[in-house]
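Q: Kindly produce the complete structure, drawing on both the sequences and the hints.
Protein chains in written order, with the working numbering: chain H, 1 to 127; chain X, 1 to 597.
Hints are computed from structural coordinates only; laboratory data are not their basis. Each statement offered as a hint is correct.
In the DSSO-like style, the derived pairs of lysine-lysine whose C-alpha atoms are separated by at most 30 Å in a straight line are: (1) K33/X / K85/X; (2) K99/H / K85/X; (3) K3/H / K17/H; (4) K30/H / K85/X; (5) K17/H / K113/X; (6) K373/X / K436/X; (7) K529/X / K463/X; (8) K71/X / K107/X; (9) K10/H / K249/X; (10) K130/X / K17/H.
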Amino acid sequence: MTKLTIDDLKRMRDEAKRTVLLREGTARAKITVFMGTCGITAGAREIMDEVLRLIEKHGVDDVIATSSACAGLCSREPMLAVEYRFSPPVKYVDLDRDKVKKIFESHILKGHPVPEYALGVGSETMG
Amino acid sequence: MKAQRTHILVCTGTGCVSAGAFDIMEAFQKEIKKHGLEDEIDVVPTGCNGFCENGPLALFEPDGIFYQRLKVQDIPFLVEEHCLKGRPVPILMYVPHREKLPIPAMKNIDFFKYQKLVALRNRGRINPEKIEDYIAFDGYIGLAKALTEMTPDEIIEEVSKSGLRGRGGAGFPTGRKWQICQEQPRTPKYIICNADEGDPGAFMDRSVLEADPHAVIEGMTIGARAIGAEKGFVYVRTEYPLAVERMKKAIKAAEDMGLLGEDILGTGFNFKLSVVRGAGAFVCGEESALIRSVEGKVGRPRQRPPFPAQKGLWGKPTNINNVETWVNVPQIIRKGSEWFASLGTENSKGTKIFSLVGKIVNTGLVEVPMGIKIRDVVFGIGGGILGDRKFKAIQTGGPSGGCLPEELLDLPIDFQSLQSVGSMMGSGGLIVMDEKTCMVDVARYFTNFLAEESCGKCFTCRKGLERMLEILTNICEGRGKEGDVELLTELGLMVKETSMCGLGQTAANPTLSTIRYFRNEYDAHIRDKTCPAGFCKGIITYSILEEKCVGCGACKRVCPAKAVLGDKKEPHKINGEACIKCGACVEACKFDAINVG
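A: Structure (C-alpha cells):
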C-alpha cells in the first residue's frame, strides 16, 4: 500500500463524494426511476442502468439516483422524475435510452428541463 | 467508482451482532446477488446505531428509511419489495410505543431526532473496517491540519479554548492536562487511551471503538504531536473482543497508508500505537492502576501527586484520556474551538454520550448536548418507562454515581449540576428505575460490586465497603436495626474521605444518595420490615385482599407451593410460611386482588 501525502488524502476524500452523498442524502438533484411492476415490464431496468451509466460516464458526484414504485400512470411507463433541491419534480414519460441520454445532458448537466419529453411539473397533492 | 443507487447500512455493533446482525448481512448480500443488483446496491456493515432495544437494524440510504427488529426470514421479502419494486415495507418499520402508524424515516423518529452527534458522528454510516469510508467523511484532515498548519502550542491552545473536559468521569479540562504533560522536561513521553469502561451497564466506549476506531487513532496522534510523544497505547478491556479486533485492524490500515507509524503523511512526525488488553478488573479503569497494568504489574492505584502527566508510565510523563475525549479532538482541530464551545453549557462544553438502560422503553446509546434536561432524555428520547410504570429514580455515573429522584427531573445534565445534587457525570451511564425498584437493593447491588472490585490497599475502602455491604444486606433481608442508617452514613463519609483513589472516594455515593432521597424506604425496611417496591424477597409478604377476591381459584391453580387456601366463590388466603414469593399468583389474578408488600 502506498503511503499517503496530504494531497493524496484530500483527493481520496473528494473522490469518495458519491459515498458521502448516498449516505447523507443531500444532493444537488435526485433522479427517481419508477420501478413498479408496470415500469419494469415496460423496461425501467434498462432506464435505471442507463442513468447509472451516465452518472459514471460524466463523473457526476452530486446527483442521487433512486427508485420508487408505481407512480400511477402505468400507460406512459417507463417514467422518471428529476427533482432539484427546493424545486418541484419534473416527470418524464414514454422513455427509451436515447431520451434518457438527452434528458441527462440537458436537465442534469445543464439545468434545463426538456419540455418535449415531460408530462408535467409538480407532484400530486392529497385533498 | 461505479455509480450506485442505494446503500444498505446494517448495524454491526456488539448488541446487534449478538442478535444476529452478521446473519442479516449475509442474507442481504445473498438476496441482492440473487436479483443481480450487486453493482447498484452496496451492503455496508457499520458500528452501533444506538437504538439497541430494537436491533438488528438496517438503514436504507439515500431514502433514509429505517428498519428494525429484523429476522433473517424477513430479508428476501424486504429486498424484493424495497430494492426491486421500490416499495418500502411498513411492517418492518419502527412504531412508537402506544401508537399505530410506523415512522419510515430515521430522522423523524424521536429517539434519533433529539440527539446531537459529535463524537458518534460516524455511527451507522461508515464501515469501521474500511479506512476509505473514514477518509470520505473528512477523516484525518484534522491531523493533516495539526501537523502542517499548527505548532504544538497552538494545538493545545485550540483544545483549551474549546472547553473540552475529560469524558472518563472526572471531567478535568483536557487542554490543561495536555499542557502540564507537554511542559515536562523528561522523555520519552507516552499517550494512553483509557478504554477499560468498567461501569456495569456502560457501553459508550465500546460503541465508539466498534463504530469509529480511526477517530480514536486520529485524536491520539494529534495529542501525541501536541505533547511530544512517540508511543501510545490503547488499553481495552478484554471483555470487548470486537472492539479489540476493529482497533487492531484500524491501526494496521492506518499504518499501511502512512497515517500512523513512521513519517506520518510525509511530515517526519513519528507515532506508534499498540493495543493492550485488560484482564477484567474494574480498578484498572483508574489511571494509576491502568498504568501499572500496562507495565505488567498488578493493577493497584498509587498516591497522587505526582500525576501521570508528570510521572506516569515507567516513570515518564504520560497523558491518559478516555475514548470519548479522544474522538472529539479531530473535530475540534478541523472545525475550530468556537464551534465546539457553541454547544453545551457554560461549564460543560460539547456533547456527551450516554448509555440509557434500565426500565426504559428505548434502551440504547444516545449523544446529547450538555445541558439537556434529564426529563427530555428519559421521556423524549427514551420514550418513557417500560410497561407504563411510574418513574422513580435515575442513576447517573455508574457505581460511582448517585440516584436522583423525580423532583430532579428538570435538572440540566452537566458536570456541575450533577455534582451539586450528590451524583456525578461519570463516564455516562444512565440507569432508569421504576416504582418496582427497591432503592435499598440498588445501594446494596453497587456496594457489592465495589466491595468486590476494591483493590484492597486502603483499609477504609476494603473494610468499610465490606461492612456497609453487611448492613445493607441485613436491611434487605429484614434484619435492619434502628441506627443502621446513621452508621451507614458515618461509614460512607469515612470511606469517601480517606480512600486514595477514585473507586473508594466515590464508592459511598449510591448509598449516601439513596439515603438522602429515599430515606423512607430504608425506614420501611428497618421499622416496618416491609419493602415498599415489593422487591426484597426476604421481607415481602404476599396476601389476598378480601374485598377484591371473587374466589375464582386461578391463583390456587398456578401456585407451585400449594400455599393458597380457600373454597370456590369464597375469598382465598395465602399461607405465608409455605409461600415462596414466586409471583405466579399475581400474574394469574384478573381482579388485582393480590397484595405484595
